[in-house]
Each structure stands twice: as structure tokens, then as C-alpha cells.
Amino acid sequence: MIFNSLTFLVFFGIVLRLHTAPLSWRAKKLNLLLASYIFYAAWNPPFVALIWLSTLVDWFAAKWMNASDNPNRRRALMLVSLVTNLGLLGYFKYGGFLLENFVELLRMAGVTYRPATSSIVLPVGISFYTFQTLSYTI
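Residue numbers (numbering that gives the first Met the number 0): 0 to 137.
For the record, the hints were derived by calculation from the structure and aren't laboratory data. Be aware that a few hints might be false.
What follows is a set of in silico ranges between Cβ atoms, one per label pair, in the way DEER data are often shown [what the hints assert, rightly or not]: (1) Gln131 <-> Phe11: 18 to 24 Å; (2) Asn69 <-> Ile119: 36 to 42 Å; (3) Leu81 <-> Trp24: 25 to 31 Å.
In this text, a Cβ means the ideal position worked out from N, Cα and C, and glycines have one as well.
Build the full structure now, drawing on both the sequences and the hints.
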């Protein structure tokens, strides 16, 4: 969905109308959350699963961290959030680069290794939403 398209204009009108309707604050937040997922899914639907994963991990981690008085448990939950989000970011953003360097190191050591061709597609805005969701738990 492109910002200057008729589709976006209609979508935005519906979201804005729902948001200005006399609904509860919770319903308005849910409207914006669902609209964000739908907008992102318009680009590439399977990648919405990454946002869902980040959202769920960070929401539950923050909820359980807030409920816990045990500093070790809180640290462990923070670590789960960091590893999940930075792991996804690292895979999509730096996976190809790391694989190429690993293959080159093996070649310099005299080992021939030809991995399957990797065509990792970088999800739009992955760095932005990764650090946004991390800011919720941090």
C-alpha cells in the first residue's frame, strides 16, 4: 500500500473514522494496532508474523517483569526479549553478510563449502520496529 494511492486514502479514512468514533480508549488502541498490522501486511503478509512475534514476546516479557520481584527472573525475561528481537534483526539484516564471511574464512583455511543460495529478503522497517518494541521492555 503506497501513501499516494487510492487504496491508502480509503484505508486511512476508515481507520481515522474508527479512531474518532465514540469508542473506549482500549478500542481505539486496538484499532491502531490492527491498522498497523494490516498496513504492514499489505507489503508482504508473511512478514507480519515477525511483528507479531516481537509484539507478543515484548508484551509478555514486560508484563511478567512488572509482576516479578525477583531480579534474576526480570533479567532472564529481559534477555529473552533482547535475544528474540536482536536475533531476528541479526538474521535478516546481517545473515547473508555473516554467511559470506564464514564461507570466505573456510576457503582461506582450505575448506570448500558451498551453502545453498540464500535470498534473505529484508523486511521493511525491521530496525525501526525492533528497537521500538525493545524500548517497551527496556
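Hint numbers contradicted by this structure:
Violated: none.
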